[in-house]
Every structure is written in C-alpha cells, then in structure tokens.
Amino acid sequence: MVNNAIEINNISKSYGDVTAVTGVNLNIAKGELFGLIGPDGGGKTTLFQILTSLLIPDTGHAIVEGLDTVKDFRKLRKIIGYMPGRFSLYPDLSVHENLEFFATIFNTTIEKNYHLIEDIYVQLEPFKSRRADKLSGGMKQKLALCCALIHQPVVLFLDEPTTGVDAVSREEFWVMLKRLKQKGITILVSTPYMDEASQCERIALIQDGRILQVNTPTAVTSGFDKTLFAVRSDDSYKLLLDLRTLPFAKRTEPFGEYMHVTTEPDVTAEYIAQILNSRGHKSIEVKPTSATVEDVFLDLM
Amino acid sequence: MPSEIVIKVNNLTKKFGDFTAVDQITFDVKVGEIFGFLGANGAGKTTAIKMLIGLNRPTDGEAQVAGYDVYRETEKIKQNIGYMSQKFSLYEDLSVRQNIEFYGGIYGLPRKAIRKKTDEIIQKLGLQDRAKKVVGDLPLGWKQRLAFAVAGVHDPRIIFLDEPTGGVDPVTRRQFWEMIYESANNGVTIFVTTHYMDEAEYCDRISIMVDGEIKALGTPAELKAKFSSETMDDVFIKLARG
Amino acid sequence: MHRTFWAIAKKEMYHILRDTRTLIILFGMPIALVIIFGYTISNEFKNASISVIDQSRDDLSKSFIEHLTSSGHFRLVTTGKKVEDLEHAFKAGQIKMGVIIPPKFETQYYRNNTVTVQIITDATEPNYAATLNNYAINIISSFNKGDPALSSAPYRIDIKTRMFYNPELVGAYNFIPGVAALILMLVSAMMTSLTIAKEKETGTMDLLLVSPVPPLIIILGKVAPYIILSFIDALIVFAMGYYIFEVPILGSLPLLLLMSLIYLMVALSLGVLISTVADTQQTAMMASMFALLLPTMLLSGFIFPIASMPTLLQVISRIIPATYFIDIEKAIMLKGAGWEVIQQSAIVMVVMVIVLLLITWKNFKIIHK
Chain A
1 MVNNAIEINN ISKSYGDVTA VTGVNLNIAK GELFGLIGPD GGGKTTLFQI LTSLLIPDTG
61 HAIVEGLDTV KDFRKLRKII GYMPGRFSLY PDLSVHENLE FFATIFNTTI EKNYHLIEDI
121 YVQLEPFKSR RADKLSGGMK QKLALCCALI HQPVVLFLDE PTTGVDAVSR EEFWVMLKRL
181 KQKGITILVS TPYMDEASQC ERIALIQDGR ILQVNTPTAV TSGFDKTLFA VRSDDSYKLL
241 LDLRTLPFAK RTEPFGEYMH VTTEPDVTAE YIAQILNSRG HKSIEVKPTS ATVEDVFLDL
301 M
Chain B
1 MPSEIVIKVN NLTKKFGDFT AVDQITFDVK VGEIFGFLGA NGAGKTTAIK MLIGLNRPTD
61 GEAQVAGYDV YRETEKIKQN IGYMSQKFSL YEDLSVRQNI EFYGGIYGLP RKAIRKKTDE
121 IIQKLGLQDR AKKVVGDLPL GWKQRLAFAV AGVHDPRIIF LDEPTGGVDP VTRRQFWEMI
181 YESANNGVTI FVTTHYMDEA EYCDRISIMV DGEIKALGTP AELKAKFSSE TMDDVFIKLA
241 RG
Chain C
1 MHRTFWAIAK KEMYHILRDT RTLIILFGMP IALVIIFGYT ISNEFKNASI SVIDQSRDDL
61 SKSFIEHLTS SGHFRLVTTG KKVEDLEHAF KAGQIKMGVI IPPKFETQYY RNNTVTVQII
121 TDATEPNYAA TLNNYAINII SSFNKGDPAL SSAPYRIDIK TRMFYNPELV GAYNFIPGVA
181 ALILMLVSAM MTSLTIAKEK ETGTMDLLLV SPVPPLIIIL GKVAPYIILS FIDALIVFAM
241 GYYIFEVPIL GSLPLLLLMS LIYLMVALSL GVLISTVADT QQTAMMASMF ALLLPTMLLS
301 GFIFPIASMP TLLQVISRII PATYFIDIEK AIMLKGAGWE VIQQSAIVMV VMVIVLLLIT
361 WKNFKIIHK
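So the sequence lines, in the order shown, correspond to chains A, B and C. At position 164 of the first sequence the residue is numbered 164 (my numbering), and the sequence of numbers has no breaks. At position 29 of the second sequence the residue is numbered 29 (my numbering), and the sequence of numbers has no breaks. At position 43 of the third sequence the residue is numbered 43 (my numbering), and the sequence of numbers has no breaks.
Just so you know, the hints here were simulated from the structure itself, not pulled from any lab data. Any given hint could be a false lead.
Said to hold, decoys possible - Think about it this way: if two alpha-carbon atoms lie no more than 25 Å apart in a straight line, the pair counts; the simulated DSS-like pairs of lysine-lysine are:
| # | chain 1 | residue 1 | chain 2 | residue 2 |
| --- | --- | --- | --- | --- |
| 1 | C | Lys330 | A | Lys78 |
| 2 | B | Lys224 | B | Lys50 |
| 3 | B | Lys76 | B | Lys133 |
| 4 | B | Lys224 | A | Lys287 |
| 5 | C | Lys82 | C | Lys62 |
| 6 | A | Lys112 | C | Lys200 |
| 7 | C | Lys62 | A | Lys134 |
| 8 | C | Lys81 | C | Lys200 |
| 9 | A | Lys75 | A | Lys183 |
| 10 | A | Lys238 | B | Lys215 |
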C-alpha cells in the first residue's frame with residue numbers, strides 16, 4: 001500500500017537468549033499519530049531502533065516512506081526524526097548550542113526550519129543560553145523535540161517522550177504532537193502510560209515483544225465485552241482479599257481507589273454490595289464501569 | 001484503624017541560600033496509612049523527604065518521624081524506617097539471598113534473625129528456585145518486590161518509597177501495590193513519592209506539592225471532588241496552572 | 001561535509017572546555033608528571049650513599065676515591081678494610097653501592113694496563129642499582145680520560161657506550177621521552193575512547209548515527225580536537241624538558257614532531273578501537289588503563305630497562321608503540337640521529353596505524369548492534 005508511512009513485516013530480534021520482539025506486523029498510515037503502548041522491556045525501544053535503522057532485525061523487514069531500514073538506511077536517516085527514550089542531548093551545551101548542532105549535522109540551519117519548531121521554541125527562548133542539564137524535565141523534552149524536528153523530518157519517532165515528565169508538561173506535549181500532525185508529519189510515539197492511549201489516533205498494545213492488539217483507542221476499550229464493576233470500601237486490602245474469594249468474580253485488580261472486578265454476566269452491583277456488607281465492609285460503593293485501556297491490557301496478558 | 005500519628009510535620013522549611021526549596025509544610029501521617037507525597041520534578045519533594053529520613057537538616061519548623069525528632073534523633077529515625085528508591089537499591093551482582101542478608105546485616109540484625117527473615121522473604125515472594133541467582137537476572141517486577149521486602153527487612157515502622165513503580169507493566173504494578181496494601185494492613189506506614197498522578201489514586205491520602213508548598217491534601221476522592229476533576233492528572237494540572 | 005565536521009569538532013571543544021576535570025587531565029597532568037619525574041629522579045641520583053673498601057691505600061686509589069666522590073653523585077659514608085664490612089653496611093641499609101679497590105691498585109694499573117675494580121650494588125631495587133652501576137662506570141671511565149698521562153695509553157677500563165649520550169648523567173634525559181610517550185597515549189587514546197563511549201552511554205551516539213553524517217566524520221570530528229590538544233601537550237613536555245631540565249634536542253625538531261604525530265596517530269587508532277568495543281565510560285577507562293597506560297609505563301623501557309626484563313616481557317615490549325617512540329625520541333633528542341637511524345622504528349609505527357585502522361574499520365558498525 002502506498003499510503004503507509006511505515007510498514008513492519010514479521011520483524012523479530014533477539015539478544016542472545018533474550019527475545020526483544022517477535023513476529024511484529026504493523027502498518028502505519030501517512031500522517032497518522034500512532035501510539036505504541038506497553039511497559040518497559042516490552043520491545044518498544046527495540047522496534048524504534050529497527051525503524052530508525054540503528055538495529056538490523058534478525059528476521060523480517062521494515063519500510064519507512066518506501067525506504068528499507070537496512071538497505072536504504074542512508075536515505076532514510078535524512079528524512080526521519082528520532083527522540084530516544086532517555087534524555088539524549090548534550091547536557092553541557094546550551095539550549096541554543098544543542099539546537100544549532102543538530103541543525104548543522106543535518107545540513108540545515110535553525111532559520112530555515114524555524115517555522116516547524118516556532119510554537120515549541122518560543123517557550124524555550126527565554127532559557128536559550130542555559131545549559132541543557134539545568135532545564136526542568138518538561139523543558140528538556142521540548143528541546144529534544146525541537147532537535148528531532150529541526151531538519152523537517154517526514155516521519156517522527158518518539159520513544160517514551162513523556163516518561164518522567166510532570167502532568168502539565170505531558171499534557172502540553174500531546175498538544176504539540178497534535179499540532180505537528182496537522183502539518184502532515186507521521187508520528188510514531190511510545191508510552192508506558194495506558195492513560196495516554198486516548199491521545200493517539202490508533203494504538204498498538206505491546207507486551208513481551210508481541211503486539212497484542214491494534215485499533216483505535218475507543219475500539220480497543222469498547223471491544224472489552226466482559227462485565228466489569230468498580231468497587232470500593234473503607235478497607236482496601238480486606239476488600240481485595242474478599243473479592244478474590246467470590247466464586248463469580250473472575251478477576252479482581254486494584255485500580256486506584258477502586259477494585260475492578262470482572263464477573264459472570266448476570267451479576268448485579270446490589271448483589272456484590274450485599275455480600276460485602278455481610279463481610280463487614282463499610283462505606284461500600286459498587287458501580288458498573290466501562291473498561292479502560294489498562295483493563296484491556298490486563299485482560300490480554 | 002488506630003489513628004495514632006507516626007509522622008508529624010509542622011511548618012518544616014528548608015532554604016538553600018535565598019532559595020526556599022521547602023516552604024513551611026505541615027501534615028500528619030497516621031499509622032498504617034498509605035500516604036502519597038506528590039509533586040512535579042523540582043517541586044521540593046526530594047528535599048522534604050531527605051529531611052524526614054534524617055539526611056538533611058531543616059532550616060526551620062519541626063517534625064517527628066516515628067516519634068523521633070528530625071534535628072536531634074536522626075540515628076533513631078534511621079533505625080525505624082525503611083527506604084526504597086527508584087533504582088531499587090539492590091546489588092545486581094549479588095544473589096537474592098545475599099542481598100537480603102546484606103541489608104539484614106547493615107541494620108544490625110542478629111545472625112539467627114537474618115536467616116529467619118531471609119527464608120521468610122524468599123518464601124513469601126515465591127523465590128525459592130531463584131534464591132541463589134544473581135538479582136541482575138531477575139525480571140523487573142521481581143526486583144521491585146524484592147527491593148520492597150528488603151526495605152522492610154528490619155521491620156521498620158515506616159517505609160519510604162521513592163518513585164517506586166515507573167514503567168512497569170500493569171500486572172507487575174498491581175502485584176507491587178498488593179504487597180504495599182498488605183504491609184499497610186499489618187500496621188506499617190507507607191510514604192510514597194511519585195510524580196505519576198494515576199499512581200496517587202492507590203494511596204489512602206495524598207498531598208500535592210507545588211513550588212515548595214503543599215497546595216492540596218486529602219483523599220483522592222476528596223481532591224477530585226474539590227477540583228471537580230475526573231482524574232488526579234487533571235487535579236494536578238489545575239493546581240499547577242494556579 | 002566539512003560543515004558537519006566542524007560542527008562536531010566545535011561541540012567537542014565545548015565539552016572539553018566546560019569540564020574542569022578534562023582540562024586538568026589535558027594540561028595539569030603533563031606538567032605535573034614532568035615536574036614529579038624531573039625532581040624525584042634527578043634528586044635520587046645525587047649523593048647516593050656508598051662505601052669504599054680500599055685494599056690498596058696508595059696514591060692512585062686515593063685519587064680514584066676522590067674522583068668518585070667529587071662527582072656529586074656519590075657520598076662516601078663508610079670506609080672499610082674487609083669485604084665483610086661492606087656486607088654489614090648493606091644489611092644495615094647504610095649504603096646503596098660498594099666499591100672494592102684491589103690491593104696493589106697503582107702497581108697493577110700501570111704494569112698490567114688493566115685493573116679490576118669491583119662494584120657491588122643493592123639489587124633489591126634492580127632499576128636503581130642498574131642506574132648506579134652506569135653512573136659508576138661512567139665516572140670511572142672519566143677517571144681514565146682525566147689523567148693526562150694516561151690519555152693516549154691503552155690503560156682503559158672497557159665501559160659500555162650506553163651512557164655515552166648522557167654524559168652528565170641527568171635523570172631527566174631518560175624520563176622526558178617516556179613522559180611524552182605516556183602523555184600522548186593518555187590524551188589521545190584514553191580521552192578519545194572515553195569521549196566516544198560517553199556518547200554511547202548517554203544515547204547521543206544514536207542521534208548522531210541516525211543523522212546523515214557518515215560515521216567516519218563523526219569519529220574524525222570528535223577526535224580532531226584531541227589531535228591538536230595532545231600535540232600541544234607534546235610541545236609542553238619537550239619545552240619543559242628543554243628549558244627546565246636542560247634535556248637537549250640535538251637532532252631535527254621537525255623530525256621529532258613528525259614522529260610525535262605518527263605516534264599520536266597510533267594512540268588515536270587505539271583509542272577509537274577501544275571505543276568500538278566499550279559501551280560505557282567505565283569499560284573504556286579500564287581498557288585504556290590496562291591495555292595502554294600500564295604497558296606504556298612499565299614495558300616500554302620508560303621506567304624499567306627492556307634489557308633487564310625476562311624474555312617474555314621483552315617480546316611484549318616489542319608490540320608496545322611507546323617502545324618505538326621512546327627509541328626514536330632518544331635517538332633524535334639525545335644522539336642527534338637522523339632519519340636513517342630511526343626509520344625502522346618509524347615504519348613499525350606506521351604499520352601499526354594501518355593495521356589498527358583496518359581492525360577498527362571492520363569493528364565499527366554503522367548500524368550499531
């Protein structure tokens with residue numbers, strides 16, 4: 001298909017005995033904001049390194065904008081932007097020096113592509129001459145994004161850009177990504193936070209090197225067809241133990257203030273409340289709830 | 001649940017030169033409570049904790065941890081608290097058993113007690129088959145739970161968890177929280193710092209620190225109601241944006 | 001292309017200039033090493049305690065002792081009559097060297113054209129003992145020459161020419177070439193392997209690799225500042241040797257600098273080679289420490305003479321670049337030798353550069369895992 005920015009065909013990679021990714025197939029459309037959702041060690045970074053031509057897969061192949069990641073890696077490197085998982089800029093260079101450096105090694109200048117980063121860079125401008133290691137987490141991420149964008153890439157690979165960043169900066173970051181999408185850039189972003197899934201157009205859930213599911217975030221959650229309740233009481237730990245003893249409760253997991261209980265289809269909230277009451281729980285609250293991406297993830301694992 | 005107070009903080013302040021890192025914070029933590037201490041990076045969380053665990057002397061204000069004064073009785077405080085950091089504080093090249101024994105040793109437990117405790121922890125975590133394996137080879141989730149168990153090897157009254165669960169999968173994260181719930185149920189107070197707001201919802205009560213001050217304090221439900229927000233993320237964003 | 005090269009080189013200069021520790025290693029270290037070696041070594045060979053057993057007690061033996069002590073290198077602490085006295089003084093740690101003058105010294109000297117003076121040194125410090133020995137031989141030989149009545153006569157003690165090019169017996173002569181070799185190895189090899197490993201460790205190497213910059217330019221750009229800096233270091237060491245410790249440069253200075261440049265290329269290739277296998281700064285540090293610095297210091301003839309090493313170590317010393325560089329330096333600086341003399345060693349170093357670069361080229365992965 002010509003409309004795909006990224007095509008991943010049956011890619012596997014292992015390091016010695018450790019399998020990082022196995023049999024991954026994935027197509028990402030041009031201009032899509034695609035999320036790779038999964039925990040650390042799930043294979044996200046390996047996949048990113050293969051797609052950015054840093055790593056050769058053991059089997060399979062990947063095509064980015066029509067370029068093979070192994071054979072055409074030189075051409076590929078000119079058109080992609082990559083932001084690795086860890087903060088990977090030079091801590092002892094200033095904001096401006098970092099940006100200028102990355103512009104130069106991509107054979108361009110800040111002025112030439114300033115329109116692309118303007119929105120983001122205005123926030124950094126006051127700290128222009130500050131060393132990168134003296135920036136806050138959110139500011140560092142913004143600088144890293146600017147550096148990844150400065151050569152006007154067609155496809156942007158962002159490996160866990162929101163890890164270790166506070167909620168406000170995370171929110172801002174997603175706004176920036178959506179704006180970049182408006183400019184026609186294909187964005188592949190990974191995150192360990194399930195709650196960020198809804199920010200993407202489509203997501204792939206990845207765990208232990210395998211893709212568990214690919215769909216839009218709403219389709220992923222609405223595809224959860226089991227009966228689910230959110231339950232809480234005054235004693236969380238006892239609640240957890242008690243719920244696990246109930247024969248009709250198939251699965252009970254802590255979910256913030258609540259326990260999420262997957263049950264047989266004919267169970268009602270009142271029934272659960274009644275049983276808990278008889279076991280001595282107080283301030284009981286039981287309500288049917290819709291699944292989150294995290295529920296789906298737990299169910300698939 | 002007894003409402004005995006185990007951490008009492010009153011107007012605690014820390015200044016570095018002109019910069020006030022922690023500005024007159026006041027809160028109490030009850031025995032067996034899971035207390036979430038939230039804030040963005042650089043909000044002053046780390047400084048505050050360092051004062052509570054006796055690594056940093058406050059500039060002003062007062063605080064008692066496990067009944068001991070943070071100015072004068074830091075050694076006693078250290079005997080009564082456990083600490084687990086993000087990096088899990090385990091030795092990757094020592095075996096599971098050696099790690100537990102080492103921490104038992106540095107807390108001055110008698111030899112017999114160390115052996116008993118080590119067996120207990122290995123049993124409880126189901127690590128019998130891996131007790132002699134080096135910790136570096138364990139999956140992340142096991143390391144995390146082992147680190148928590150090790151932080152409690154000397155039966156401390158309070159365990160401080162510094163950013164404990166970033167990046168682990170949902171199953172592992174839940175197994176970890178179940179361990180925390182169990183300890184809290186046994187009367188150990190848990191003091192968790194994190195900047196992941198969704199993590200905060202697992203706590204009994206939380207405080208949110210912004211620019212050195214505690215800007216919000218209460219149960220997750222109370223705070224969400226107060227800021228009319230759906231999620232803790234949202235609460236935090238509203239707070240931070242003033 | 002040259003723009004990206006300069007961008008990388010400039011960035012590297014920023015790293016160097018902003019890190020005090022790097023600056024100290026780059027400029028503090030050579031100065032400190034020269035001074036430390038300079039003063040400890042030249043002091044050590046002043047006033048070494050000796051004992052003379054004069055079994056002859058004639059005029060010639062007296063003037064011989066006089067000559068020996070007036071050199072300023074030896075201080076007579078005890079005299080004795082019997083050889084046993086010497087042993088006693090050695091055991092008590094009073095002396096470092098003993099000289100035994102045979103009976104009828106003067107008579108034998110003039111009659112037989114040859115006389116044996118026995119020199120005994122405390123070989124628990126073999127290096128020191130060897131040096132003392134050389135000093136003594138040299139002074140004795142000058143005693144021969146210094147006697148006008150004997151100057152043309154065949155009355156000579158046959159001495160080795162090894163000390164000939166260092167007639168004033170200044171320790172600095174030996175260590176300046178060694179320190180230069182060590183510093184160039186330290187800066188070129190260790191510092192470059194560290195700086196490349198650091199980019200791998202922090203993940204910035206990935207960013208450089210996904211850019212269109214060819215890996216060769218990345219490496220050259222990173223290495224360039226160190227070429228210049230280590231060359232400056234070489235100049236500092238030679239200048240300090242020349243002006244402070246009066247180590248001459250008898251031969252051609254341009255030739256010496258050219259040779260330094262070739263040696264520097266060997267060191268750089270070694271550094272880059274290490275960085276292709278080391279993923280962390282710690283590994284790079286250990287590797288350059290054990291594979292480069294220690295051999296350069298211990299096996300190159302810098303501190304311990306190669307001739308007194310066991311055969312195996314002698315063989316190993318032949319694959320250490322510093323061995324050849326120190327030979328070349330000594331030849332040019334102290335003997336005033338030209339290209340004909342040093343060409344063999346120079347060719348060995350050039351071959352080393354080529355071989356190392358080939359290995360590195362094979363090891364350096366453009367796609368890095």
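Now for the hints, and whether the structure bears them out:
About 51 Å separates the Cα atoms of lysine 330 of chain C and lysine 78 of chain A, which puts this hinted pair outside 25 Å; it is violated. Of the pairs offered as hints, the one joining lysine 224 of chain B and lysine 50 of chain B is violated, with about 29 Å between alpha carbons and a cut-off of 25 Å exceeded. Taking the CA atoms of lysine 76 of chain B and lysine 133 of chain B, the gap is about 34 Å. The hint is violated against a cut of 25 Å. For the given pair, lysine 224 of chain B sits about 18 Å from lysine 287 of chain A by alpha-carbon distance, which is consistent with the 25 Å threshold.
Pair hint lysine 82 of chain C plus lysine 62 of chain C holds up; C-alpha atoms about 17 Å apart against a cutoff of 25 Å. Under the criterion of a C-alpha separation no larger than 25 Å, the hint pairing lysine 112 of chain A with lysine 200 of chain C is inconsistent with the structure, at around 29 Å. For the proposed pair lysine 62 of chain C and lysine 134 of chain A, the alpha carbon gap of about 76 Å is over 25 Å, so the pair is violated. As the CA atoms of lysine 81 of chain C and lysine 200 of chain C are separated by approximately 70 Å, the hinted pair breaks the 25 Å bound.
Distance check on the hinted pair: lysine 75 of chain A and lysine 183 of chain A sit about 22 Å apart at the alpha-carbon level, within 25 Å; holds. Between lysine 238 of chain A and lysine 215 of chain B, the direct Cα distance comes to roughly 31 Å. Violation of the 25 Å bound is thereby established for this hinted pair.
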